[in-house]
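Asks: Listed in order, the protein sequences are those of chains A and B.
Take the first sequence: its position 571, counted from the start at 1, is 650 in the numbering used here, and no numbers get skipped.
Take the second sequence: its position 129, counted from the start at 1, is 154 in the numbering used here, and no numbers get skipped.
Hints should not be assumed to be uniformly reliable.
Heads up, simulated SDA-like pairs for lysine to any residue below, C-alpha to C-alpha not over 20 Å straight-line [claimed, not checked]:
{"id": "1", "chain 1": "A", "residue 1": "Lys623", "chain 2": "B", "residue 2": "Lys86"}
{"id": "2", "chain 1": "B", "residue 1": "Lys51", "chain 2": "A", "residue 2": "Ser593"}
{"id": "3", "chain 1": "A", "residue 1": "Lys623", "chain 2": "B", "residue 2": "Asp48"}
{"id": "4", "chain 1": "B", "residue 1": "Lys98", "chain 2": "A", "residue 2": "Ala399"}
{"id": "5", "chain 1": "A", "residue 1": "Lys574", "chain 2": "A", "residue 2": "Ile855"}
{"id": "6", "chain 1": "A", "residue 1": "Lys895", "chain 2": "B", "residue 2": "Gln137"}
{"id": "7", "chain 1": "B", "residue 1": "Lys51", "chain 2": "A", "residue 2": "Gly598"}
{"id": "8", "chain 1": "A", "residue 1": "Lys885", "chain 2": "B", "residue 2": "Lys98"}
{"id": "9", "chain 1": "A", "residue 1": "Lys917", "chain 2": "B", "residue 2": "Lys98"}
{"id": "10", "chain 1": "A", "residue 1": "Lys421", "chain 2": "A", "residue 2": "Gln262"}
{"id": "11", "chain 1": "A", "residue 1": "Lys885", "chain 2": "B", "residue 2": "Asp48"}
{"id": "12", "chain 1": "A", "residue 1": "Lys421", "chain 2": "A", "residue 2": "Leu470"}
{"id": "13", "chain 1": "A", "residue 1": "Lys895", "chain 2": "B", "residue 2": "Asp131"}
{"id": "14", "chain 1": "A", "residue 1": "Lys670", "chain 2": "A", "residue 2": "Asn632"}
{"id": "15", "chain 1": "B", "residue 1": "Lys98", "chain 2": "A", "residue 2": "Phe902"}
{"id": "16", "chain 1": "B", "residue 1": "Lys51", "chain 2": "A", "residue 2": "Leu884"}
{"id": "17", "chain 1": "A", "residue 1": "Lys885", "chain 2": "B", "residue 2": "Ser47"}
{"id": "18", "chain 1": "A", "residue 1": "Lys622", "chain 2": "B", "residue 2": "Ser47"}
{"id": "19", "chain 1": "A", "residue 1": "Lys698", "chain 2": "A", "residue 2": "Lys875"}
{"id": "20", "chain 1": "B", "residue 1": "Lys51", "chain 2": "A", "residue 2": "Leu626"}
{"id": "21", "chain 1": "B", "residue 1": "Lys98", "chain 2": "A", "residue 2": "Lys670"}
{"id": "22", "chain 1": "B", "residue 1": "Lys86", "chain 2": "A", "residue 2": "Ser593"}
{"id": "23", "chain 1": "B", "residue 1": "Lys98", "chain 2": "A", "residue 2": "Gln915"}
{"id": "24", "chain 1": "B", "residue 1": "Lys98", "chain 2": "A", "residue 2": "Asn632"}
{"id": "25", "chain 1": "B", "residue 1": "Lys122", "chain 2": "A", "residue 2": "Gly598"}
{"id": "26", "chain 1": "A", "residue 1": "Lys888", "chain 2": "B", "residue 2": "Gln137"}
{"id": "27", "chain 1": "A", "residue 1": "Lys622", "chain 2": "B", "residue 2": "Val50"}
{"id": "28", "chain 1": "B", "residue 1": "Lys86", "chain 2": "A", "residue 2": "Pro624"}
{"id": "29", "chain 1": "A", "residue 1": "Lys895", "chain 2": "B", "residue 2": "Glu136"}
{"id": "30", "chain 1": "B", "residue 1": "Lys122", "chain 2": "A", "residue 2": "Leu827"}
These are calculated hints, taken from the structure and not from any lab test.
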Amino acid sequence: MNSDKQLMSKAKIVVVGNGMVGHHFVEEMAKNSDYQITVLSAESRLAYDRVYLSSYFSGKTADDLALTTPEHYDDLGVLFKTNAKVTNIDKSAKVVTTEGGDSFEYDKLILATGSYPFVPPIPGGDVEHSLVYRTIDDLEAIQASANVSKVGVVIGGGLLGLEAAKAVKELGLETHVVEFAPQLMAVQVDGGGGRLLKTKIEELGVQVHTSKATNEIVAGDKHRYKLCFSDGTELETDLILFSAGIRPYDNLAREFDLEIGTRGGIVIDNQCKTSDADIYAIGECALWNNFIYGLVAPGYNMAKVAVKDICGEAAEFTGADMSTKLKLMGVEVGSIGDAHGKTAGALTYTYENQPEGVYKKIVVSSDKTKMLGAVLIGDTAEYDSLLQYMLNAIDLPEAPEGLILPMAGDKPTLGVDALPDTATICSCHNVTKGDIIASIDAGAMTVSDVKSCTKAGSGCGGCAALVKSVADNEFEKRGVEVKKDICEHFAYSRKELFDIVSVEKIKTFDELLSSHGRGLGCEICKPVAGSVLASVWNDYILKKPHLSLQDTNDTYLGNMQKDGTYSVVPRIAGGEITPDKLIVLGEVAKKYNLYTKITGGARVDLFGARVEQLPPIWKELVDAGFETGHAYGKSLRTVKSCVGSTWCRYGVQDSMTMAIDLEHRYKGLRAPHKIKFGVSGCTRECAEAQGKDIGIIATENGWNLFVGGNGGMKPRHGDLFATDLDDETLVKYVDRILMFYVQTGDRLQRTSVWMDNLEGGLAYLQDVIMKDSLGINAVLEEQMTAIVGSYQCEWKTTIEDPEALKRFKPFVNSDKVDSNIQFVTEREQIRPARGQEKIAVKLIEMTKVEAEEVEA
Amino acid sequence: MSLSKETQVTTDKSWRTICNASDLVKDSGISALLLKDGSEANSAGEDEQIAIFHIPNSEEKIYAVGNYDPIGKANVLYRGLVGCIDDEPVVASPLYKQHFSLKTGDCLQEEQSIAVYDIRIENEQVQVFY
Ligand code: SRM
Ligand SMILES: Cc1cc2nc3c(=O)[nH]c(=O)nc-3n(C[C@H](O)[C@H](O)[C@H](O)COP(=O)(O)OP(=O)(O)OC[C@H]3O[C@@H](n4cnc5c(N)ncnc54)[C@H](O)[C@@H]3O)c2cc1C
Ligand code: SF4
Ligand code: FES
Numbered sequence: 080m081n082s083d084k085q086l087m088s089k090a091k092i093v094v095v096g097n098g099m100v101g102h103h104f105v106e107e108m109a110k111n112s113d114y115q116i117t118v119l120s121a122e123s124r125l126a127y128d129r130v131y132l133s134s135y136f137s138g139k140t141a142d143d144l145a146l147t148t149p150e151h152y153d154d155l156g157v158l159f160k161t162n163a164k165v166t167n168i169d170k171s172a173k174v175v176t177t178e179g180g181d182s183f184e185y186d187k188l189i190l191a192t193g194s195y196p197f198v199p200p201i202p203g204g205d206v207e208h209s210l211v212y213r214t215i216d217d218l219e220a221i222q223a224s225a226n227v228s229k230v231g232v233v234i235g236g237g238l239l240g241l242e243a244a245k246a247v248k249e250l251g252l253e254t255h256v257v258e259f260a261p262q263l264m265a266v267q268v269d270g271g272g273g274r275l276l277k278t279k280i281e282e283l284g285v286q287v288h289t290s291k292a293t294n295e296i297v298a299g300d301k302h303r304y305k306l307c308f309s310d311g312t313e314l315e316t317d318l319i320l321f322s323a324g325i326r327p328y329d330n331l332a333r334e335f336d337l338e339i340g341t342r343g344g345i346v347i348d349n350q351c352k353t354s355d356a357d358i359y360a361i362g363e364c365a366l367w368n369n370f371i372y373g374l375v376a377p378g379y380n381m382a383k384v385a386v387k388d389i390c391g392e393a394a395e396f397t398g399a400d401m402s403t404k405l406k407l408m409g410v411e412v413g414s415i416g417d418a419h420g421k422t423a424g425a426l427t428y429t430y431e432n433q434p435e436g437v438y439k440k441i442v443v444s445s446d447k448t449k450m451l452g453a454v455l456i457g458d459t460a461e462y463d464s465l466l467q468y469m470l471n472a473i474d475l476p477e478a479p480e481g482l483i484l485p486m487a488g489d490k491p492t493l494g495v496d497a498l499p500d501t502a503t504i505c506s507c508h509n510v511t512k513g514d515i516i517a518s519i520d521a522g523a524m525t526v527s528d529v530k531s532c533t534k535a536g537s538g539c540g541g542c543a544a545l546v547k548s549v550a551d552n553e554f555e556k557r558g559v560e561v562k563k564d565i566c567e568h569f570a571y572s573r574k575e576l577f578d579i580v581s582v583e584k585i586k587t588f589d590e591l592l593s594s595h596g597r598g599l600g601c602e603i604c605k606p607v608a609g610s611v612l613a614s615v616w617n618d619y620i621l622k623k624p625h626l627s628l629q630d631t632n633d634t635y636l637g638n639m640q641k642d643g644t645y646s647v648v649p650r651i652a653g654g655e656i657t658p659d660k661l662i663v664l665g666e667v668a669k670k671y672n673l674y675t676k677i678t679g680g681a682r683v684d685l686f687g688a689r690v691e692q693l694p695p696i697w698k699e700l701v702d703a704g705f706e707t708g709h710a711y712g713k714s715l716r717t718v719k720s721c722v723g724s725t726w727c728r729y730g731v732q733d734s735m736t737m738a739i740d741l742e743h744r745y746k747g748l749r750a751p752h753k754i755k756f757g758v759s760g761c762t763r764e765c766a767e768a769q770g771k772d773i774g775i776i777a778t779e780n781g782w783n784l785f786v787g788g789n790g791g792m793k794p795r796h797g798d799l800f801a802t803d804l805d806d807e808t809l810v811k812y813v814d815r816i817l818m819f820y821v822q823t824g825d826r827l828q829r830t831s832v833w834m835d836n837l838e839g840g841l842a843y844l845q846d847v848i849m850k851d852s853l854g855i856n857a858v859l860e861e862q863m864t865a866i867v868g869s870y871q872c873e874w875k876t877t878i879e880d881p882e883a884l885k886r887f888k889p890f891v892n893s894d895k896v897d898s899n900i901q902f903v904t905e906r907e908q909i910r911p912a913r914g915q916e917k918i919a920v921k922l923i924e925m926t927k928v929e930a931e932e933v934e935a
Numbered sequence: 026m027s028l029s030k031e032t033q034v035t036t037d038k039s040w041r042t043i044c045n046a047s048d049l050v051k052d053s054g055i056s057a058l059l060l061k062d063g064s065e066a067n068s069a070g071e072d073e074q075i076a077i078f079h080i081p082n083s084e085e086k087i088y089a090v091g092n093y094d095p096i097g098k099a100n101v102l103y104r105g106l107v108g109c110i111d112d113e114p115v116v117a118s119p120l121y122k123q124h125f126s127l128k129t130g131d132c133l134q135e136e137q138s139i140a141v142y143d144i145r146i147e148n149e150q151v152q153v154f155y
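Let the hints inform the model, and build the full structure from the sequences given.
Replies: Next comes the structure, spelled out in structure tokens:
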């Protein structure tokens, strides 16, 4: 890195606060190695994603939310200290001091102290279970309080209040929102939108109380506290969450004589400088043009401007667009520009569809040529194009109302081609269409390349679809074909093959190859075709035409081990097994001298079976009532469960029965990759369901359903898909989700990656499954029913079929066995002999017992 | 099952019957031993294992190669999936998926190769020259 001499001569930059904006500043500043950066954070951890804070309650951890790590800062050469709240600034000596007494010299000081939640001074409000929603520590406190509470009230019905309400609801509490104004989200949404929003939020089981001013908080009768409102009404609750606005952390400026605004905020100029030329303020603590921006994108812009100014480059902060699109408790909300139509002469067009819960309004200039603002509730499909009309002052079509009216056919569309190169595509990272084109010029070949070069889409994520269409449009122009072919024999993706097989009713690989492929196929397309044919027709997979398609594991119905032997994994649904069956497993393992182990999937694996031993072993197992566990298949593996309410003192539902039922329902289903389930009997989550493709967690009222969890190479927590489902709805949703995955997943794509790549993500999947937005649910259910109805244990079928058994003979012309398979003993069981341990021996005559048993 | 062992002791290679054509599995593999008499068995006294693939849509239709996967170090090649890569008929090792040409025995990914044997179908009999 740098020599000491360089280090000494470097100018010192001290950053106070390591929130989202402070961190962005560090990343931008560190690109210039002439400066030594020191970061002082009042929190116990380095920067994390506050925008996605709420996902902490749907399974994300503090690590998932982290925007950086100590190692990353080390790599950047950035010095940092956590738990280091700055309490003193000596402007003349240019030194800041922390609460702990550490002092740091600076040449330039950056205040990025953000803001704190405003808690209105309500008498009786300062009680133990009165909390706020801003930091990860706050979330931990909310979780702890929720564990001992039944009812929660959020005070404040703005954007953050509704997000907080969602969290309280997800924690399983009866949830209320209390708002002082007559409507929700008064800042972003107009009266009409607010009314609709209220109805939608109430439909989700959150009670909304508008026009309520809280006078006093006293002890409750049924619950911990009672809120007394000015109109004489009351509301009892156990937990109070304040979300009544934010206030800038401007105390340092106040105490050490930097100019602040009349209503707070550190005053900055267009270069983000405070009244002291060596001190900058950026993000939510800064007041520009008498305005505080409560969003992350303008803060990022301020950070960039400050960096440039320090480096001597010309740059200016000139305000920012405050448009937002978000999904609140499953309700889509979009607010663009002048949503309230305050511009002089502004005209509005409104479309309201009460039955469907959709409200749309656009605000246009008096001459109807420019877009000024918009409000979208319930359906934000037009958000991107409306925003582009406004941001780029694009001329509106003749009849602007067409932009929001649901006249499918002749809707004026704004193609990405129409956007100027200066159009901002991602406002979080200030990426323009021109930047995207430049990244493609510089060699980006895929949408994800574009995203990683430009950072577009890695902030709030709201622009993802637009980034993709701009990039795709650009690729298309250059004649770059976005290739999804599975291999050289088929110019189709797995999904396309799936459609071909089902639409053209193709039943065999040969038919598929001759009609849509070339050559002989290979080890990639054959198993894909095998899996697709199995998903569509669910034939016995070793039936003649399918035989040659299966990977060895599927052909021999076991997993091949390193020495060519196989493992034997019978299904133990939910992990429940009788002592008698355990004894059978023990006896079989002993008889065939198999290595025995409890797997990570909560069942028993017997290793070291030679091909010719598989049929007799399975015959004994099938006779004892076991079935194949499909440990070899790209299909349902295990449904891991805890004992649940039957035994566990905390259980709230019978997770065991649910797990066993589900395992039997989906066993044998062929999919793009393996599928694992988990079912936990309460929120303690002993079955680790959130790490499974389908995770189910019992609640007092039913089941919460998680989708897309994964352990393995890149762990991912499942997304909370739906809450408090009854048994029937749960199974219905799982049927649809699995079948949709089976149809649309790519080759070897687990549900986690499928979810991450699904355009529109979780919200889209919810629409497809719960609202039937594609109109395919009936078909999905029908297909699943057919598959469930045609299940057969492949091992049972195999041992009853002499033709199939021929495949398990070691050699076509001899009954000798493979002498290269040798074992030695370790911890009283066999293990494969290593190279130097092997003895050269003649082929051993096969023990006759085994051979005869099969032939019989 | 028809197990046909050569009766006469000879050091000369010749076409020897392995099995019936009906024992082959279309587009897939079976394994067999090149049974030898005491005098001919290799130094360890073992018979060689071969993998036989029957691919009716390909040029040669039937192929015989060594069954030992030199990379995975196990006798498993007959259990691999067959197909073609750039029109070369191949088997993919079931262990680590490297491709071996069924015509030359060469591995397409690594500096390794396996033995290839002459094989034919005569009067419904599968014969290997060894
Ligand atoms: C036997 C077992 C390990 C053990 O000794 O406990 C095992 C063994 C294998 N795992 Fe596993 N996995 C086993 C539990 C797991 C788990 C734990 C779980 O299921 O809760 C995981 C992480 C959870 C998950 O899948 O999300 C797991 C994640 C993997 C992965 C990574 C998948 C991923 O999405 O990243 C692979 C590789 C793959 O599938 O591509 C893998 C692949 C394999 C293979 C098939 C590798 C191979 O090709 O030889 C192993 C052979 C299985 C065999 O011979 O029976 N195994 N594997 C476990 C069998 C469970 C069962 O009863 O069926
Ligand atoms: C739940 C939630 C959802 C949100 N959703 C969105 C959204 O969808 N879109 C959007 O654009 N914005 C959203 N925001 C707002 C966004 O998070 C903020 O605009 C952004 O975090 C501001 O960044 P900042 O760095 O200025 O402040 P912060 O992230 O608050 O960071 C300031 C840091 O400075 C520390 N600090 C304060 N004083 C000192 C001191 N004296 N010494 C040392 N450290 C100090 C604080 O502890 C804090 O860690 C959301 C916010 C919340 C809470
Ligand atoms: S972790 Fe690796 S070594 Fe262990 S069982 Fe899974 S795949 Fe095999
Ligand atoms: S607009 Fe937020 S990530 Fe692009």
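Asks: Could you check the structure against the hints above and give me the numbers of any it violates, in ascending order?
Replies: Of the numbered hints, 4, 6, 8, 13, 14, 21, 26, 29 do not hold.
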